[in-house]
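For the record, the sequence lines run as chains B and P.
First residue of the first sequence: 1, per the numbering used here; consecutive thereafter.
First residue of the second sequence: 446, per the numbering used here; consecutive thereafter.
Honestly, the hints are just simulated from the structure, not real lab data.
A few of these clues could be false.
Result set (DSBU-like, lysine-lysine): computed pairs, CA atoms no more than 35 Å apart in a straight line [said to hold, decoys possible]:
| # | chain 1 | residue 1 | chain 2 | residue 2 |
| --- | --- | --- | --- | --- |
| 1 | P | K890 | B | K302 |
| 2 | P | K776 | B | K302 |
| 3 | P | K814 | P | K841 |
| 4 | P | K774 | B | K302 |
| 5 | B | K329 | B | K38 |
| 6 | B | K396 | P | K747 |
| 7 | P | K776 | P | K483 |
| 8 | B | K369 | B | K302 |
| 9 | B | K302 | P | K841 |
| 10 | B | K331 | P | K807 |
| 11 | P | K776 | P | K747 |
| 12 | B | K445 | B | K369 |
| 13 | B | K329 | P | K747 |
| 14 | B | K396 | B | K369 |
| 15 | P | K841 | P | K776 |
| 16 | B | K362 | B | K302 |
| 17 | P | K841 | P | K890 |
| 18 | P | K807 | P | K747 |
| 19 | B | K331 | B | K396 |
| 20 | P | K841 | P | K807 |
| 21 | B | K396 | B | K38 |
| 22 | P | K747 | B | K331 |
| 23 | B | K362 | B | K396 |
| 24 | P | K890 | P | K483 |
This is what each chain is made of:
There are 2 protein chains.
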Amino acid sequence: MPASAVDEYFQFLRFPSISTDPERAADVTACAAWLGEKLTAIGLHTEVHATARHPIVIARNDHQAGRLTVMIYGHYDVQPVDPVELWTSPPFEPRVENGVVFARGATDNKGQIFAHILGIEEALREGELPVNLILLIEGEEEIGSANLATFLSSHREELRCDLVAISDTGMVAPGVPTLTYGLRGIAALEVRVTGSAMDLHSGIYGGAVANPATAIARLIACLHHSDGRVAVPGFYDGIPVLAQWEREAWAALPFGDAEMAAVTGAPELVGEPGFTSLERTWARPTIEVNGIGGGFQGTGTKTVIPREAFAKLTCRLVPGQQPHDVVEKVKAHLSSHTPRGVRVEFLGGHGAEPYYTDPHSKFGQAAQKALQEAFPGRPLALIREGGSIPIVNTFKEVLGVETLLLGLALPDCRAHAPDENFPLENFHAGIRLNRALLAALAAAK
Amino acid sequence: MPASAVDEYFQFLRFPSISTDPERAADVTACAAWLGEKLTAIGLHTEVHATARHPIVIARNDHQAGRLTVMIYGHYDVQPVDPVELWTSPPFEPRVENGVVFARGATDNKGQIFAHILGIEEALREGELPVNLILLIEGEEEIGSANLATFLSSHREELRCDLVAISDTGMVAPGVPTLTYGLRGIAALEVRVTGSAMDLHSGIYGGAVANPATAIARLIACLHHSDGRVAVPGFYDGIPVLAQWEREAWAALPFGDAEMAAVTGAPELVGEPGFTSLERTWARPTIEVNGIGGGFQGTGTKTVIPREAFAKLTCRLVPGQQPHDVVEKVKAHLSSHTPRGVRVEFLGGHGAEPYYTDPHSKFGQAAQKALQEAFPGRPLALIREGGSIPIVNTFKEVLGVETLLLGLALPDCRAHAPDENFPLENFHAGIRLNRALLAALAAAK
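Generate the whole structure from the sequences, applying the supplied hints.
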């Protein structure tokens, strides 16, 4: 790596490319332009595409017939910096301490995507890339990638590829190469219960009318059995039995129930019987209440029967489940359990599908090999994650390809939080990872 | 009634004696002084007693041995006037429209207590009162009567009496004389549930830890059977069977289920099986959720597992129940139903006892006779009320006497709300009521 590489990484970090902030729009655009110039400078054909909001940067090498086409996806936009007073140093003035870079975007995603760019630069300096490459770097990931699907659809032919690779996920522990091959989907549903026409005095009317706060509680309570299993009929239908190799692989990871208890600070780990914490969060579906409310929220006592109450639910889904189907089953269950004397109304219901790609496919094995080269000497972690990454579904739906998730983020990288950081060690590993990945994928074709 | 009577009532109403507002303290004091002068002028021995906050006005006639001693209680303080912009005319400038007086305090309680005062004045002008009278008019009723119990205790000998009469409750309909002989008590309890050390990402951690919002819902759901009965063991212990005469009397009132449905706007009336709405609100205990909350309260979706959730409960109690005992039973029930993985904590637990006085006792019958004379030609309504009036318990505990509640307020009097009002017809009836009551009580001794 040339001495200037870290300097350039820091230049990239200095753009306050906060995509959600209208006052930073010019900084986001300037960051995209800088990125375009860098990619042109290393020898790629680069285009900065305007969208309805922030530009998408596309770069490619000279494609050759018969070679594998690999898309590497990343994003140059970052999260806001609030609460900025909790940062040890200014978020857009990168600082190195004990080999760790502190800055907004250091990990998410500037550090990870720039490591890939430097890997490509290195390869191009030595000769040519072993694959047809498409780099797609967007500026709206932190605000939901609103214009990405449209862009993919309208440039489907130019963006045709065999697979997508992304470094925007986590490693289970420092130095442990980690391939994420599954993500949970999501289905959101808000439940609103209304009763009387206005808040009522609970002394004068208590006993004669249904209480919406009590009703929403009874509805939430009907969602689970007392042992933690979801009680909605058909909720678990179609979910394949967890593979034995997955259970064994996860049991061997350096993160288990003890670590889960420590990181959450929960009094006790609880969940669906018959599964470990990792199995419950990575491979089993849930219904969680994200918010519940109704009636008096202040200090002390106010003797009312509230006129309404609500609960905001999200289900996390695993392969075999469909968001729309699950939402309909939950609605039907809640409707059939609605107490007398109140009306129930459902809002939302949008969702994202779960994702699973076989880590033992030929491309999966290539990714494993590359990760092992980037982080030598430590056993590889094959994991799923409990969250959702909607763009992975977008790539599958629009381009019809699988995505490999080769994360470089550490558990304590503080992405989205003050003092976000990225070790230079991981930055260097990312450069090695890019070179090894493209080589291994080319060989696997 | 002299022509000046309504003028004096309006003078009384013009004092903005808002007890909760520190900026109105001088107005409250001025109102007490004006009241003291009025009571002196009609021939009573009057004292205006300073307290830790607002004065208590005491007035008495010349007491004679062997006669019944009756305390009439009222209050000269009023509720705030916010939202003042919703008043049709300024709240402290009394206005008469179609025989109805509009002003803050018109009903609650200046109009009602001043009618008693005018009745006493009338009787004193004609001769002497038939009883030993103690008028106690306080200035802190709207802020919880904080100094009343202490005052009663420290003046117990001077305030010794045979019963208390209050006109501060409601009539079931215009023109219908109404005696309230029972009130529900109250027991308040806040339940807090905590789980993980901070809000957690519901994708990353959902399934591995208990959700406090789900847990509070399950706790609330365990409080009732699905048919509406309270499920707390022992909750109904000690409650006498509702008397047949009460059921029949209430069934004959011009306010029943249809009126309850209309006034609440509830989709359907529901409650404890086997009872009417009036029986449920007046003579059966309840557990109501006054507020429930936890997690995300804003618009849209935020995928968190909240670290905590709460519910604010109040139980309404009926004779046979004790606040402390009920709270302990509810706590024990909730503790035994607390889901694994969360901690539960209880706050509060204060309460007030239920009240019941026999409407067919000799004094009860005297009250009935007086009400019938004040509102001739309409059948008397014997009712209980669902709310609580703590001073009634204070009189019982400190002075050891029963209280008769002879209300003059109409259902649409808008007490505590904009455009509070009191018909001059009820004001005149109140004057008649006072004279008839003192005569009937003297005769009943």
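Hint check:
no.: 1; hint: P:K890 - B:K302; result: violated, 42 Å
no.: 2; hint: P:K776 - B:K302; result: holds, 20 Å
no.: 3; hint: P:K814 - P:K841; result: holds, 23 Å
no.: 4; hint: P:K774 - B:K302; result: holds, 22 Å
no.: 5; hint: B:K329 - B:K38; result: violated, 51 Å
no.: 6; hint: B:K396 - P:K747; result: holds, 25 Å
no.: 7; hint: P:K776 - P:K483; result: violated, 51 Å
no.: 8; hint: B:K369 - B:K302; result: violated, 63 Å
no.: 9; hint: B:K302 - P:K841; result: holds, 26 Å
no.: 10; hint: B:K331 - P:K807; result: violated, 60 Å
no.: 11; hint: P:K776 - P:K747; result: holds, 32 Å
no.: 12; hint: B:K445 - B:K369; result: holds, 14 Å
no.: 13; hint: B:K329 - P:K747; result: holds, 22 Å
no.: 14; hint: B:K396 - B:K369; result: holds, 23 Å
no.: 15; hint: P:K841 - P:K776; result: holds, 28 Å
no.: 16; hint: B:K362 - B:K302; result: violated, 64 Å
no.: 17; hint: P:K841 - P:K890; result: holds, 19 Å
no.: 18; hint: P:K807 - P:K747; result: violated, 64 Å
no.: 19; hint: B:K331 - B:K396; result: holds, 28 Å
no.: 20; hint: P:K841 - P:K807; result: holds, 18 Å
no.: 21; hint: B:K396 - B:K38; result: holds, 29 Å
no.: 22; hint: P:K747 - B:K331; result: holds, 20 Å
no.: 23; hint: B:K362 - B:K396; result: holds, 18 Å
no.: 24; hint: P:K890 - P:K483; result: holds, 29 Å
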